[in-house]
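For reference, each letter of the sequence shown is one residue, going 1 to 53 in the working numbering.
Just so you know, the hints here were simulated from the structure itself, not pulled from any lab data. Do not take every clue at face value.
As the list claims (entries may be wrong) - When the alpha-carbon atoms are kept at most 20 Å apart in a straight line, the in silico SDA-like pairs for lysine to any residue are as follows:
(1) K46 with S24
(2) K33 with K53
(3) K50 with A40
(4) K50 with R38
(5) K29 with G45
(6) K33 with K50
(7) K46 with R34
(8) K29 with R15
(9) K30 with K46
(10) K33 with Q21
(11) K33 with V23
(12) K53 with R34
(13) K30 with L17
(14) K53 with R42
(15) K33 with N12
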Amino acid sequence: MSVHKTRGFLYNLARLLGDYQAVSSGSPKKMAKRVGRRIAGRATGKALRKLFK
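Use the sequences and the hints to build the structure in full.
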């Protein structure tokens, strides 16, 4: 396994663990904040991709 694949796996794992932590807290406020930030991050990523393409 190469370094970039390992790093990608670890980033994905960290993201999933963050999701799990928000859900396991049982707080709807934390879950909503997590979902909102994920959506905002994806939208920002798409906008930057179009800008620098």
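Status of each hint after checking the structure:
1. The suggested pairing of K46 with S24 is violated, with an alpha-carbon distance near 29 Å, which exceeds 20 Å.
2. For a cut-off of 20 Å, the pair hint linking K33 to K53 is broken: about 30 Å separates their Cα positions.
3. The straight-line distance between the Cα atoms of K50 and A40 is roughly 16 Å, inside the 20 Å bound, and the hint therefore holds.
4. Pair hint K50 plus R38 holds up; C-alpha atoms about 19 Å apart against a cutoff of 20 Å.
5. About 24 Å separates the Cα atoms of K29 and G45, which puts this hinted pair outside 20 Å; it is violated.
6. Note on K33 and K50: the hinted pairing is violated, with a Cα-Cα distance of about 26 Å set against a maximum of 20 Å.
7. As the CA atoms of K46 and R34 are separated by approximately 19 Å, the hinted pair is consistent with the 20 Å bound.
8. With a CA separation close to 18 Å, the supplied pair K29 and R15 stays within the 20 Å bound.
9. With a C-alpha separation of about 24 Å, the suggested pair K30 and K46 falls outside the 20 Å cut-off, and the hint is violated.
10. Of the supplied pair hints, the one linking K33 and Q21 holds, its CA atoms being roughly 12 Å apart against a limit of 20 Å.
11. Of the pairs offered as hints, the one joining K33 and V23 holds, with about 11 Å between alpha carbons and a cut-off of 20 Å not exceeded.
12. Pair hint K53 plus R34 does not hold up; C-alpha atoms about 28 Å apart against a cutoff of 20 Å.
13. For the suggested pair K30 and L17, the alpha carbons sit about 14 Å apart, so the restraint of at most 20 Å is met.
14. Distance hint between K53 and R42 is fulfilled; the C-alpha atoms sit about 16 Å from each other, no more than 20 Å.
15. Restraint check for K33 and N12: satisfied, since their Cα atoms lie roughly 19 Å apart, inside the 20 Å limit.
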